[in-house]
Structures are given as structure tokens and as C-alpha cells.
Amino acid sequence: MKKILVFILSFLAAGCSSSYIKIDVKLDQSYIPYFSGNPGRNNYADFILKDTLTFAWQNEMYGSFGFNAVVGYDSVVFINDLSGKIFAFNIYSGKRAGQVKYRGTVAVSPLIHKTHIIFPVSDYNGPGTTIYSYDFTRGSERFKYSFTGKILSEGLVIGDQFFFVTESGTVHLLDQTGSLLDSEETEFYTHSIPVMNKDFVYWGTDRGAVLRYDLRQKSLNGRIWISDFPLEDGIIYNGIYYLMDSQGVLYAVSLDDFKILWKIDSGKKSLAAPVHDNTALWITAQDGTVLMINPEEKSIIKSRQYKEYFNTSPLVLANALIFAAHSGNLLVVDKESLDILQEIQFDARMKLIPVLFKGYLFTGYDSGILQAYKVNTNQ
Amino acid sequence: MKTRLLLFLLLFIAGGELSAQFYFFGRNKVQYENFDWKVLKTEHFDIYYYSDMDEIAQIGAAYAEDAYSYLKTEFNHVIFRRTPLIFYNTHIHFQQTNTTPGFIPEGVGGFFEFIKGRVVIPYNGSLERFRHVIYHELVHVFMTTRLMRIANDYKLNTERFPPLWFVEGLAEFYSTTWDSRGEMVLRDAVLNDYLPGIEDIYSISGTFLMYKEGQAFLGFIDKFYGREKILMLLNNIWMFDSFKDMLEYTLGKPLSDIDREWKSYLKKMYYPLYDNYVNISDKSAIINKVGFSFSPVVKHNEKSTQVFFTGNLDGYSSLYLIEKKEGEKQYSSPKLVIQGERSPELEAFHLFDNAPGISADGIIALSTKSGASDAIHFYSTDESSIVALFSDESLVSISSPSFSSKGDKVVFSAIDKKGYSDLFIYELSSEKLIRITNDYYEDRTPVFSDDDQEIIFASDRTAGANKGYINLFRIDSNGLDIYYVTDQPANIEAPRLVPGKNGLIARADYDSVDNFFFIDLSRKNFQSVYRITSFISPVFDHWLIDDTTMVFSGFENSSFRLYEKSFSLTDTQFVISPLKISSPTWTAGKYTSEIARQEIYYENEYTLDYAQSQISTDPVYGTSGGAVLSLSDLFSNDNYFFLIYNTAQVQDDFLKSFNIALTRLNLSERTNYSYGIFHFSGRRYDLRDTDEFFYERSFGGSLAFYYPLSKFDRIEANITIANSDKQVITGVVERKALLHSNSVSYVFDNSLWMPSGPVDGMRFRFLLGYTTDVKYSNVNYYTVITDLRYYYRLSLRSALAFRGSLFFNDGKEARRYFMGGSWDLRGWPRWAIRGEKMWIQSTELRFPLFDQIRVTTPIADLGFFGIRGALFWDSGGAWDKSYETSIGSIGGGIRFNLFNVIILRYDVGKKIEQNYTKLQTGLFYQFFFGFDF
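Taken in sequence, the protein lines are chains A and B. Using our numbering, the letters of the first sequence correspond one by one to residues 1 to 379. Using our numbering, the letters of the second sequence correspond one by one to residues 1001 to 1933.
Treat each hint with caution, since some may be false.
Derived lysine-lysine pairs resembling DSS-like cross-links, with alpha carbons at most 25 Å apart [claimed, not checked]:
| no. | chain 1 | residue 1 | chain 2 | residue 2 |
| --- | --- | --- | --- | --- |
| 1 | B | 1590 | A | 307 |
| 2 | B | 1289 | B | 1268 |
| 3 | B | 1656 | A | 307 |
| 4 | B | 1837 | B | 1918 |
| 5 | A | 22 | A | 198 |
| 6 | A | 218 | A | 263 |
| 7 | A | 114 | A | 218 |
| 8 | B | 1223 | A | 269 |
| 9 | B | 1229 | B | 1268 |
| 10 | A | 95 | B | 1155 |
| 11 | B | 1656 | B | 1736 |
| 12 | B | 1837 | B | 1881 |
| 13 | B | 1289 | B | 1253 |
| 14 | B | 1267 | B | 1303 |
| 15 | A | 269 | A | 198 |
| 16 | A | 269 | B | 1229 |
| 17 | A | 144 | A | 114 |
| 18 | B | 1418 | B | 1038 |
| 19 | A | 218 | A | 259 |
| 20 | B | 1072 | A | 269 |
| 21 | A | 263 | A | 298 |
| 22 | B | 1155 | A | 144 |
| 23 | A | 335 | A | 263 |
| 24 | A | 26 | A | 358 |
| 25 | B | 1155 | A | 101 |
| 26 | A | 307 | B | 1041 |
| 27 | B | 1283 | B | 1244 |
The set of hints was computed from the structure by calculation and includes no laboratory data.
Isolated chain A, as found in the complex:
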């Protein structure tokens, strides 16, 4: 009997893992604080890719990603898992630096504020969510804040404040201690990621309206109707908010006067945010088409259809595009010719949007496989 007990206990012990992240890090000014790393959410990196991607490491989380991306600080990247965990990995070795687990789901990338990660955990069986702030240098929680609603779109760090919108359209603005600065019901369901420009936050809604939130006044103060269809994720570039609706119409909204500047029907359905590379807009469509659009002429310059299914934005570099196709391929494509330079095949759905951080490209696929590639760029 004793032997059986020891066997069972050791079996359980091996299966359990500790739930904390405590890492020594150096102060980092160039970290990725939230999904895409910039308030306009533009997934463009002004680097020239010199070589093909070189596989560095992979690690398995035994979980699943959402359609988001890693965030990074110093030598660590963080990523969420849909079964309620946040993982930290060393970017050089690929070793797991820690994890925290909660009962619920973390559907969005964590935010990084100084040495804290801030992330919402949505209930599995109920309408609630709790936002946690976790100090990853001390391995302890700083605050938690609970409310009714589900967070399914990425949050924003604005100075020492954190901005979230629930799926049902309620805004929550917290300070760094977790105190609620503002909560406002918009009554518009949304699956569009909030983007920020100057002191305003913008996002699209499922009813086709764009909302504007004033961070100084801490209130919603603008709404324009631009479509009859749900709006997808968008980006801000040079004071213009670019986003598509579910029927493939691309809108350019001027943020100065908060009006539609122009729109064009791409003829392709897309779920991803466009990317602006200082010259053109790049759009990935669900049927595997990539389009390059001239925002000045409001026209499609070129396009190419691949045998893929795209539902996330590419990483756009100065001379290349990198796609994580949900149909199971990581593609590196020449920006000029749109020819495939490198194709890495997986027999699984790609989930994480490719992100560059400290010379590595991070991406991931089902089920919970995080990969890093060494990237040779001109920086």
C-alpha cells in the first residue's frame, strides 16, 4: 500500500508544475508592451531581410494560442494560452522561464508595464473577467480587478493606464494600481482591436461604426457610421485609420475631422488588419490573396493569390513579407515580385502573427508550439 501511495504521489508531483514567473531582467526601453508594439498596431518593421529565416528553437506549451502575438521584455517573451496560462520564454535559449495559470481563458496577448504583465482572464462558465497585474521580477500579483464582460480584443498601455474594451462594448480604463478610472457602456459589440493616436483610442464595431474615446476627458466622444457590416481590426498610420469591413471594403478614416476619407472595395474578404509600409497598404485575404494598395491613388497596385488561407496580418519588412498562414505554412515572400522566397510547412494551423524582437522572429501554431527564427537583417 505504501508503495502504491508513493507511486501515485510521485506521479502527481511530476504532472504538476509551479505557477509563477520570477525572472531577473535588465531595464529595457525597447520592449514590446502590447500586441504589435505600437499604438497604431501597424505590423511593419523597417528592416531589410538579408537571408532566409534560420530556425532557432521551439517549445511546446501544451495549450493553444489565440490569434495574437508575443510581447517581449529584455531577454524574455510572454505569450498567453487559451486555457488560462501566461508563459515566459527566454528568447535566446527557448527555455521556459516560468508560467502562471488561472482558471479561465486568456484570449489576448498580455500587456507589459515596467516589470508587470497585465492580462484579462475570462470565466469558463460565466460572464465575468478578472484583470490581473503580475510582477514577473518578484513572482507576485499586484492587483486584480473583476467585472462582467469578456475581453476578446487586445488591450493598450497608455502611460500608466490600461485600456480594455469587452466584447459587448464596455470600456474599462484602469490605473497601474488597478483602480478603475472609467467604465463606459457603448452598447456596440466589437471584435476590433483598439488603436491609439495622440489622446484618443479608436476601434470598429460589429454594427459598422467607429468609436472614439477621449483619454483626457475619459469618455466616449465620437462615433461615425462607415459600413453596414462588422468592422475588422485596423491600423493607424499618419493620422489615418485604415480598417476593413467583413465584406472586404477598405476604409480610410481621417482622425483629424473623424470622417471617411475614401474607401475601396478590395473584392476580397479579410479578417486581418492591413499593414502600412510607409508607401503602400498590404492586405491579406481569406482566399489566400495578398493585395498591395496605393493609398494616394486609392487603387490596387498588384496582387497574388497563394494556395493558402490567411486570417492574420503579415509582418511587413522593407523588402519582404512574412505570412503565418492558417492553412499551415510560414511564407517569406519577396515584396517586389511577390514570389515565395522561403516556405516552411507545418501540418497544423498557424496562429501567432509573426513579430520581430531582438533579432528573432516569433510565431506559433497549434497546439501551442512557439517557434523562434534567427533573422538576419540590416540591423
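Fit chain B to the given chain A structure using the hints.
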């Protein structure tokens, strides 16, 4: 626990001589065809088809790939695993599939099977229906894989699954537009106030109305809440255990409010129809309202009007007659003319879209399933018998036969082995079959023109602006040019010529449901369509008594009834427009991608069906455990079952205490066979053995054959050889034997079942067997079993059931039979009466007791449906060498079918003892489970 499990496993796995008392009646799924399967591999699918269906398979492949492209975008989901699609060229062949173990009703258009992820679809002559079903089943595939993905991503159990109305509604929503059949059921349910809301939709679970309400409700969400909400209802499944909670969260309001909006929306849509339309029964006389009535034909003379019609009035689809003599106002009650579904010659009447025909001299042409394919039976109304039969091995399905004016020819629609639905003429005197059309357009409901030189028929070959609609066409009987009769944005079919007028009456769905219209044929270059009826609910097949009176089938208040109506052809002109003459030219796309396409012959591909293991421990027997697993090929034609179990009580016994059985069951051909080997070892309690509790080690093999003579009867043969080493008291009472058992049986079953057991028809088994010990002569007995069960129908839901069974073993170490308990001799202790010979008689009156009991509580509402009652008299006797006493019981009971999972039974009564000389004092009360005999 252990010995009971072992007993169960032995009974389940081992061969003939061990399983003599427990057997199965049941109908047979007859493999008439030897399908030579081929595989067409496309980018995402492996498409299995056979014989000459190449063209249909290529068209189906194109539909499948189109569906994949469409659905991956809608669901934001890709499937990596190649999906097997299995195509059958007709529904008749589809019914032979072993991919699902049960029988497939005629209303099933295809299915997605979860264990192996197979999609199985029959083609039925219509490319549009084929496309619809392919899309529908692929929605299930996408939905299921998406849900599995979500469960995996969020680490949830896989029991979070949407309710059936949503699953089927979603499949309909993404696969088809709203059509007249959906409109028919939904409109009728709303206007007659029997449509349940979404909160109560479980009450119509599994019905066509549920499918269509689900589809319509999702259309309502699309319109008022946004199309994106529909997939959110799927993607948000991780948020709540309860689908209702998740639906309320996603739509942002309580379900009761949503239901109220939904019902208001429907009422606003349908109630105003009464401004322009009327109920069928308000403008027509109901001439039969018993059961479900379809497809009438009329024999009319100055003395009487006889209406023959196909229908289902008692659970079997059959041909009936109602009659009105000259001077009478009412038609008679329905009289059975030809009973269907009881014999192989008349195995199934296809009630929908299959009208009979009648000649001027009273010969009815009726197509039914007859063995491997359909046949046309010619029934003489004068002689009251079937006088001729037509079938052809190249034609699988036949429908809508119609006579020429002279009665010497019959034109009909049939599906051949290519899957084409085309027109044929059969000349009765010469027995010559002539093919009229030969293409993949669906041609149906043909009739001869007045002069018998042309055939007018409905077809989906409409091209141009009205492509996709079914219109009327004409072709000369030599099968040369085809001309439009109508070219309308409506589905027009089932034409019948109006006597004395140069025109016909057909049904058309201009009003979203079918009404009757007169088509003027006098001007070949123009189409003139005149309205005959403005009914709010649809009509079906009709027959003209004369040029002012018709008999027809209509759907109203969830019933299919027969009506008679007078009509006039002087109503308002409806449409008149030029008619194009040129032949239709649309073509179906085929899968042509050369890169991914391969065509090969199928070779058996085996995969695991299920695997289950069990470990148990108790203070007496210690710990034991085992596993069962099953694997089969893609079509489930070739099945392997493997059982392993260990009953060792001490370490030394471990190796010799393995119980292993390996059985192969092959269902691919008409003769099904199985064979296997086994080794069983352990202590067991066996009621059939005089020693009852003993240790036995038995190993050997078995072979069985099952040959279905028809759907209703079969011959079974079993051979088992087993080496048996029995120890009652080790070293003291032991018996060795090398047992050889043979048995042969004849089984018949055409019974009709209600929720708790059969109420009509008959079941019968006759078995002869012989068991002998070929090595030590320790065992030697023969077996005779006769078991007859007859059900005499008293009314629609009640019956007098009779059972008479004789079990007879005679010889050395003959096994015993046993009875007692709720399944046979009620009131007596279960299995307490035993003997080598045994007889049982049961007579039971079965009737409905409560249709519905509802209990409403603050927490939940409970509904109990279909509670049935029984009054019974059982009697029997069991003996070994000399007969001793007869015993019995009388009493009553109730039966309740719990969610189609288990039948609960409760009986109360008195035992009859001592050769019927004594009644038990007091009553017995017996609660158990199981179907009625």
C-alpha cells in the same frame, strides 16, 4: 461484478451453443449489390463512388471543393484531415450502407458519421439536391471539427455541444436558401399555433420542422442581430456550460425576450397571408382525414367514384381505396387494397414524389421497392389483384408511372446506375423498354399528351434567366427535340391533362408554397398560366375526375389529407408571355483540377472504431481488468472485435486466466459471415448449467453465416468447436469435453414498433441444433426452439400481442433454459424457473395510457410522453425429465420509454400457481427495464 461481466462477455462474443436462448429477431439490411468502389482524390476529399457514377462523382467533387472554399471562410477554420465522402447513386443503394448500423428511413438525405468522420450521401437524380446535401453535411464537418478545436484550445470537455436544432439549422442555413418545403412546415405551424419557441424546441427534436425552424431562426438572427452573431454562437461555446446562457450572452437579452420577438416576427409575416389566401379545408371537401394520404388516382364511372391513394394510415405505407357511390355525398372509410412494408415484393412505397397512374380500364401502375430495386406493379381494380410486374436490372429507382390514353404504354421516371434521372416508356404488350432521355438533368412526373405522341414532364433543365427552377417540357416519344412548355421563375411539376381542354393542371410554387395552375397548351409559342387555387398551405399530387372536379392531397395542420374540389378555368389570367423554343443548354461543373485529382480502386482501409478498458477491484475477487476494441474498414463492411480480460485471483493463475476473443464480422456481401477464436477461463455462475457455479476453461472457434432471403426473413447457421474443461469441485467433480455445436435457424420479422415494443406484424424463429462431445462423449443433446410472436392491431396505438415459445433440449448434459421476471413470466422471481425443456405463453393487451404528463417546478419543467399500459396473462412450465407443473401470472403494468435509451417497466398482478389451481394471495410488484416481447 466480475462473474457477471464475464457472463455478459461470453454471451456477447462466443458462438452458437452458448447463446441459444438469447437471440435477435430484427429485419435485415440486405446487400444486394457488390459495389466496386473507386476513389477520386481531390485537394481536400477522398470521394468514394462505384460502377458508372463517374460523371456524378466528378460533379459532386466540384460541389465539395466549392463548399470547402466557402465554408472555410465562413467558419474561419481549415481542416487538415482529408474527409471521406461516400456517394451512392440512389437512395435504394444508400440504404444498404453499413457505415451506419441501423436502417435508413426514406426521409434521410445523407449523414455525417462522427466515429470515422465519414460523410455518406445518396444521389437521387437532382444535381441541386445533391449540391444541397453535400453542403449541408460539410457544414456538420466544419462545425464539428471547429468545436473539437475549441474544446482542445480551451481544455474543455467535449460535452459542450450545441443542441440539435442549432446543429441542423446551421447546416440548412449555410447550404440552401429558404424553399417551399421549409415554408410549408413553418407556415402551417405558425398559422395553426403549434410552433414551439426556441425554449421549447426540444419537443419537436429530430423532425423536419425542427430543421426548418432552426434554419429560419438563424435567418431571423442574421436579419435582426447581424450575420456575425451566428458563428459567434459557435465560437462562444467555451464561455458557458449552457448553450442557453451563451445564446443570451451573445445576443444580449434573455431567451424569453428573443423568443417573443421571434414569434412576433413570424406572426407578422404569416397572418396577413389570410388577406389573399384561404385554408384548403375552407374551399375543398375533406374526403379522407385518417392518417397520411398522398397521391390519388381515380376510377370514375356513372355508378361510382373510386379514389385509390397511397398513404400511411396505420404505420405501414400502403394503397387504399375510398369510394362514393352515385347519389351519395360522402366517401367511405378507407379500405386497404395493397398492404406495403410487410413482404419483400412490396417492401416500401415511396410516398413523396411518386404518384401512381391508372389506365382508362382501371389498371393501377404503382412503383414500390421490390428486392434490390424498384418495380412497377400493375394492379387490376376489377380483379382486385396484381396482374403484371415490370422491373429492369439497369433501373434502380422508378417513380410516377403514367399510362397512355389507350393504356398500352406507361411512361415513368427512373434513375439508372449512372445516377441519371431520365424518362422511359414501357410497352405492356411487347414488354419493350424505350429510353427517352439520357442526361444528368432531372426529369420526372411525365404524362402522355392527348394524342400519345408527346410526353410532357417536369425537369430542372431550365436555362437562362430562370435557371435553377423546375419547369415543364415536352418531348416526342422518339426522344428527339425537347421544347419548353413553361419557362417561369417558379417550380412547376406534376402535370395532369384536363379532359377535353387543350391544357393541363400542374402545381407551382409562385406563392412560396404549391398551388394549382392551369397551363394552356394551345399556343406553342406562348405560355399562359391561370391560377386554379389560392391556398395558404401547399397541395401535392392531384387527379382530375373531370374537367371541373379534382381530387388532391394537401398539407394542412400537420396532416396530409385528401380533398375534393370543384374548379373553373375561367379565373383571372395570371401570366402570358412569349415562350422560347430552343433547347436548354446549362452544364454542370466538374472537378477538373489535374494536380490533386487521382482515381484509384478502393482497397480496405482499417481504422479504430472504439476502444474501452476497465479495471475493477473488490474484496472477494481482487483486481481484474480488460479491454475491448473494434476496428473496421471505411465502409464498416469488414469488422474486427477484440476482447481481452484477466480473471486471475493469484499470481500463478495470471497466464491461464486470460480471456481473449477475436472475431471478424464481414457484411460486404449478401451472405454475412463471422468467425472467431476464443479462450475463456474463470469461475462463473451459469444458470443454464445444472452445476450452476463452477470453474471452466474453454477455448475454440466459431463460424456463423447469415443469409437474408429478403428484408424480412433470413437463414442463420452457426458452428462452434470448443474444448471445455469444467471443474465444479477441483479434483472431485470435473468434466472434460470437446464440444461441437451446430445450429440452423429461420427468422422472420415484419413487426411494427411503438415506443415500448411491437404492435403489428409478426416475429418468428425456428431453430434446430445439435451439441455433442466428440472426444469424451460427456455431452450429447439436440435442441429445438420455436418462438412465435404475433401482434394483432386493434387500433392505431393498441394491439393484442401473443407469444408462444417452446425451448427443447434433450440428451446428455443438456443445457437448461430459464424464465421468470419482467421479460417473460411476470411476477415470478427473475430467472428462477429452469429446465431443459420450457414453454412460455404470453397474451397481452397493449394500449396508450398517458400521452403526456408535464410537471412544472420553479427550477425546471419536466415532460413525460408516451406512457403505455398493458394487461397480461403469462403461463409456462419448465422441466428436465418429467413435466411437473404449469404456472403463470395475470396483471397489468405501465411502460415508459426514457429518452429512447431505456424502457422502464412496472407490473402489478397475481401469480397463478400449482397448475392453475391457486392464485397468489396478495399482489406482486415488479420493476425492471426492457422492451415488450
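These are the hints, each one checked on the structure:
In summary, the hint linking residue 1590 of chain B to residue 307 of chain A is supported, as the alpha carbons are separated by about 20 Å, within the 25 Å threshold. For the suggested pair residue 1289 of chain B and residue 1268 of chain B, the alpha carbons sit about 30 Å apart, so the restraint of at most 25 Å is broken. Of the pairs offered as hints, the one joining residue 1656 of chain B and residue 307 of chain A is violated, with about 59 Å between alpha carbons and a cut-off of 25 Å exceeded. For the hint linking residue 1837 of chain B to residue 1918 of chain B, the alpha-carbon distance of about 23 Å falls within 25 Å, and the restraint holds.
Restraint check for residue 22 of chain A and residue 198 of chain A: the C-alpha separation of about 34 Å exceeds 25 Å, so the hint is violated. A C-alpha spacing of about 30 Å is found between residue 218 of chain A and residue 263 of chain A, which places the hinted pair above 25 Å, so the restraint is violated. Between residue 114 of chain A and residue 218 of chain A the CA atoms are separated by roughly 23 Å; this keeps the pair inside 25 Å, and the hint holds. Annotation: proposed proximity of residue 1223 of chain B to residue 269 of chain A holds, straight-line Cα distance about 20 Å (limit 25 Å).
For the suggested pair residue 1229 of chain B and residue 1268 of chain B, the alpha carbons sit about 23 Å apart, so the restraint of at most 25 Å is met. Among the hinted pairs, residue 95 of chain A with residue 1155 of chain B is consistent with the structure: their alpha-carbon atoms are about 23 Å apart, no more than 25 Å. For the hint linking residue 1656 of chain B to residue 1736 of chain B, the alpha-carbon distance of about 17 Å falls within 25 Å, and the restraint holds. Between residue 1837 of chain B and residue 1881 of chain B, the direct Cα distance comes to roughly 8 Å. Compliance with the 25 Å bound is thereby established for this hinted pair.
Of the supplied pair hints, the one linking residue 1289 of chain B and residue 1253 of chain B is violated, its CA atoms being roughly 43 Å apart against a limit of 25 Å. For the hint linking residue 1267 of chain B to residue 1303 of chain B, the alpha-carbon distance of about 47 Å lies beyond 25 Å, and the restraint is violated. A hinted pair counts as satisfied when its Cα atoms are at most 25 Å apart, and residue 269 of chain A with residue 198 of chain A does not qualify at roughly 30 Å. For the hint linking residue 269 of chain A to residue 1229 of chain B, the alpha-carbon distance of about 17 Å falls within 25 Å, and the restraint holds.
Of the pairs offered as hints, the one joining residue 144 of chain A and residue 114 of chain A holds, with about 17 Å between alpha carbons and a cut-off of 25 Å not exceeded. Between residue 1418 of chain B and residue 1038 of chain B the CA atoms are separated by roughly 14 Å; this keeps the pair inside 25 Å, and the hint holds. Restraint check for residue 218 of chain A and residue 259 of chain A: satisfied, since their Cα atoms lie roughly 21 Å apart, inside the 25 Å limit. Using a Cα cut-off of 25 Å, the hinted pair residue 1072 of chain B and residue 269 of chain A holds, with the two alpha carbons roughly 12 Å apart.
Between residue 263 of chain A and residue 298 of chain A the alpha-carbon distance is near 8 Å, which keeps this suggested pair within the 25 Å criterion. In summary, the hint linking residue 1155 of chain B to residue 144 of chain A is supported, as the alpha carbons are separated by about 23 Å, within the 25 Å threshold. Of the pairs offered as hints, the one joining residue 335 of chain A and residue 263 of chain A holds, with about 24 Å between alpha carbons and a cut-off of 25 Å not exceeded. Annotation: proposed proximity of residue 26 of chain A to residue 358 of chain A holds, straight-line Cα distance about 14 Å (limit 25 Å).
Taking the CA atoms of residue 1155 of chain B and residue 101 of chain A, the gap is near 13 Å; set against the 25 Å cutoff, the hint holds. Our distance criterion of 25 Å between C-alpha atoms is met by residue 307 of chain A and residue 1041 of chain B, whose separation comes to about 18 Å. In summary, the hint linking residue 1283 of chain B to residue 1244 of chain B is not supported, as the alpha carbons are separated by about 43 Å, beyond the 25 Å threshold.
The earlier numbered hints that this structure contradicts are 2, 3, 5, 6, 13, 14, 15, 27.
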